[in-house]
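Peer 1: Given chain A, work out where chain B should sit, using these hints.
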Amino acid sequence: MNETQKRHNISLYVENKPGVTIRIALVFARRGYNIESFVGSPAQDDRYSRINIEATGDSQTLHLMLEQLNRLVDVIHAREYSDEDVIQKELALIKVRCNNESRTEILQITGAFKCRNVDISDTTMTFQVTGKSSKIDAVSKMLDKFGVLEVVRTGKLLIARGKEETSW
Amino acid sequence: MGYISGGRCLRYSYPIVKHSFLVKDPKELPSVINQAFHIANTGRPGPVIVDLPKDVTSALIDVDTSGEFTLPGYSIRKEGSLESIKEAASMISSAEKPILMVGHGAVISGATQEIKAIVEKMQIPVINTLLGKGCFPESHDLNLGMPGMHGTAYANMALCDCDLIVSIGARWDDRIAGSPSDFQPQAKKIHIDIDPVEINKTVQVDCSIIGDAKSVLNSLYGFLEKGNTQRWVKQIRRLKREYPLKYKKEGKLRAQHVIEEMSRLTEGNAIVTTDVGQHQMWAAQFFKTEHTRHFLSSGGAGTMGFGFPAAIGAQMANPGKIVVAVVGDGGFQMTLPELSTAVNEKLPIKILLINNNYLGMVRQWQHMFYDNRLSGVDLEGNPDFVKLAGAYGCKGFRVKRSADVRKVLGAALAYNDGPCIIDAEVEKYDNVFPMVPSGASLDKMLLSMPRKKLEKPKGGT
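Heads up: the protein sequence lines correspond to chains A and B, in order. Per the numbering used here: the first sequence = residues 125 to 292. Per the numbering used here: the second sequence = residues 171 to 631.
Isolated chain A (complex conformation) (with noise of 0.2 Å):
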């Protein structure tokens, strides 16, 4: 990866409204930024959405971006929260290739991570993994060597820790 191309951390209070996404990606396309990770949802106050964006791009662009994004009329607010101490979760479902001999030792290790076996069939195992992102693929690569067939992932989700209100 570029030295200059970093992966960001942005996490956007906005406007519960229509049409505020397409104009948020629109930010992002225009300075080349790729989004990895998009997760929306409305938040507390449902007149609002919070908004967490992983996107790789480079890095002397980042503080233009989040001009631009707090620019828009819909965002009240964009923070970016790469470098900081933040409490950060994602969830995964892991659906992994197994057999009679296998078996047994993949439940020993997604048991090491704590992943929740969610389906169970004669040839797959399904289990899902939260915490953060590093934890999920941690055990996507120890899951390798038996063959994983699908991951779905939910994206990064930050919350501020203590009393401050995230994205802020």
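These are computed hints drawn from the structure, not numbers from a lab. Just so you know, even glycine gets a beta-carbon here, dropped at the ideal spot from N, CA and C. Any given hint could be a false lead.
Cut-off 20 Å, straight-line C-alpha distance, at most; resulting in silico cross-link-like pairs (PhoX-like, lysine-lysine) [said to hold, decoys possible]:
1. B/256 / B/396
2. B/267 / B/194
3. B/197 / A/141
4. A/259 / A/269
5. B/194 / B/418
6. A/141 / B/188
7. A/213 / A/256
8. A/256 / A/130
9. A/141 / B/416
Distance windows between CB atoms, simulated [said to hold, decoys possible]:
10. A/158 / B/403: 48 to 58 Å
11. B/204 / A/254: 41 to 51 Å
12. A/209 / B/185: 30 to 40 Å
13. B/253 / A/209: 28 to 38 Å
14. A/146 / B/237: 21 to 31 Å
15. B/239 / A/288: 22 to 32 Å
16. A/170 / B/231: 41 to 51 Å
17. A/158 / B/253: 29 to 39 Å
18. A/288 / B/204: 29 to 39 Å
19. B/216 / A/128: 26 to 36 Å
20. B/239 / A/158: 29 to 39 Å
Peer 2: Chain B only, in chain A's frame:
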């Protein structure tokens, strides 16, 4: 929504509007219209689209429906931070070779008086961008006109030698900065802008003040202490004397001559509109603008076909003023049907058609940088514009010889029963100078066509 020509207008317009609304519930309409006007007119103004589906336009609503609104995501920092204003004031006070660069933001905020006060107290020369023309009178001793790609030689030379540039609502566009990464490294830079996105976007600045130009300059004035710019002002005067804008008055009729004469005859009182191209740059150089909002051009959008429709708007809004649309033969033909509007409304617009039978600016680039291999620029199918005027029931004049310029323009200015076209048949192969090749720094300015072959330009068209 989405039938015949009405569909999906929001989807196409996202990148080019400040904001947009789709009204689904007719009851929202009063509030949305109020929001639309508020957003369009405040801060950095910009177009707002309100998309009204047919069922909304034909619905009946209660006249008492509330038009109230809140926009929690839209706030404007009007006053600049006192700390940065003080910092800027001390930078300006101690500068020996400062320059003010006045842009469209200064015009929008109506900062003419504030700029004048600072210039006169501090004795600082002023340059204006294309859209900043008129915010500070171009006849003023300390005005250097427009810098940049086709700016005046003395403005560019002054920029190359200054020690401080203060941008007031100007965004260091590439037509001025040329190569933004090495734009005047010898000078400190201050940027006053209401839009935080513009700060450090193309050129890195040493001090930024986010706020409305008028309000910022007002409080800045109080912190300024008169420095010593005497030698600098002398140097500026010498540059103005030694490198004036010039063209040959003998031989074939020159666009510069027609435009300069029109400027002289209207004495800075005309509202000038332009298209995009050579005529636009000559208008910027030779039409001296004295008042704010008296030079209307499409600026960074760079759209041809803007000049004449803009003139219609300007004349409608200012019935008592002289309105001159300086247009090229290429751009004018993009919006010809508007002639009917101008004739119907009896608008006395002077359409000054700089007719060189070419898309002249593109021809100039092909000539200078591509060995004169001309492609798609010859407008040999042009109509007879005087006959065309007649076909629309509009008055037509023609000028072909330098000796007739004053007479013909005088006659056109005396005709006020409706629009007129002045078909100025000018030299076909003239190029606009000075010119800084696109993407090059200002010290690479060319004052005339060089003998040796030029490299292909690095910057955008």
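Peer 1: Confirm or reject the claim that residue 170 of chain A and residue 231 of chain B have a C-beta distance inside 41 to 51 Å.
Peer 2: With Cβ atoms ~26 Å apart, the hint is violated.
Peer 1: Taking 41 to 51 Å as the hint, is the beta-carbon distance of residue 204 of chain B and residue 254 of chain A inside that range?
Peer 2: holds (46 Å)
Peer 1: Looking only at beta-carbon atoms, does the pair residue 216 of chain B, residue 128 of chain A fall within the given range of 26 to 36 Å?
Peer 2: The hinted range 26 to 36 Å holds for residue 216 of chain B and residue 128 of chain A, with Cβ atoms some 31 Å apart.
Peer 1: Is the hinted range of 30 to 40 Å satisfied by the C-beta distance from residue 209 of chain A to residue 185 of chain B?
Peer 2: The hint (30 to 40 Å, Cβ to Cβ) holds, given that residue 209 of chain A and residue 185 of chain B are roughly 36 Å apart.
Peer 1: Against the 20 Å threshold, does the CA-CA distance of residue 259 of chain A and residue 269 of chain A hold or violate the hint?
Peer 2: Within the cut-off at roughly 17 Å; holds.
Peer 1: Starting from the hint 29 to 39 Å, judge whether the C-beta atoms of residue 239 of chain B and residue 158 of chain A obey it.
Peer 2: holds (36 Å)
Peer 1: Given the hint of 21 to 31 Å, is the C-beta distance from residue 146 of chain A to residue 237 of chain B inside that range or not?
Peer 2: holds (27 Å)
Peer 1: How does the Cβ-Cβ distance of residue 253 of chain B and residue 209 of chain A compare with 28 to 38 Å: does it lie in that range?
Peer 2: holds (29 Å)
Peer 1: Within 29 to 39 Å: is that where the Cβ-Cβ distance between residue 158 of chain A and residue 253 of chain B falls?
Peer 2: Given a distance of about 38 Å, which is inside 29 to 39 Å, the answer is holds.
Peer 1: Does residue 267 of chain B pair with residue 194 of chain B here, judged by a C-alpha cut-off of 20 Å?
Peer 2: violated (57 Å)
Peer 1: Given the hint that residue 194 of chain B pairs with residue 418 of chain B, test it: the Cα-Cα distance must not exceed 20 Å.
Peer 2: Violated: residue 194 of chain B and residue 418 of chain B sit about 62 Å apart, past 20 Å.
Peer 1: Is residue 213 of chain A close enough to residue 256 of chain A, meaning Cα to Cα at most 20 Å?
Peer 2: OK: residue 213 of chain A and residue 256 of chain A at ~5 Å, within 20 Å.
Hint compliance for this structure: hints 2, 5, 9 and 16 are not met, and every other hint is.
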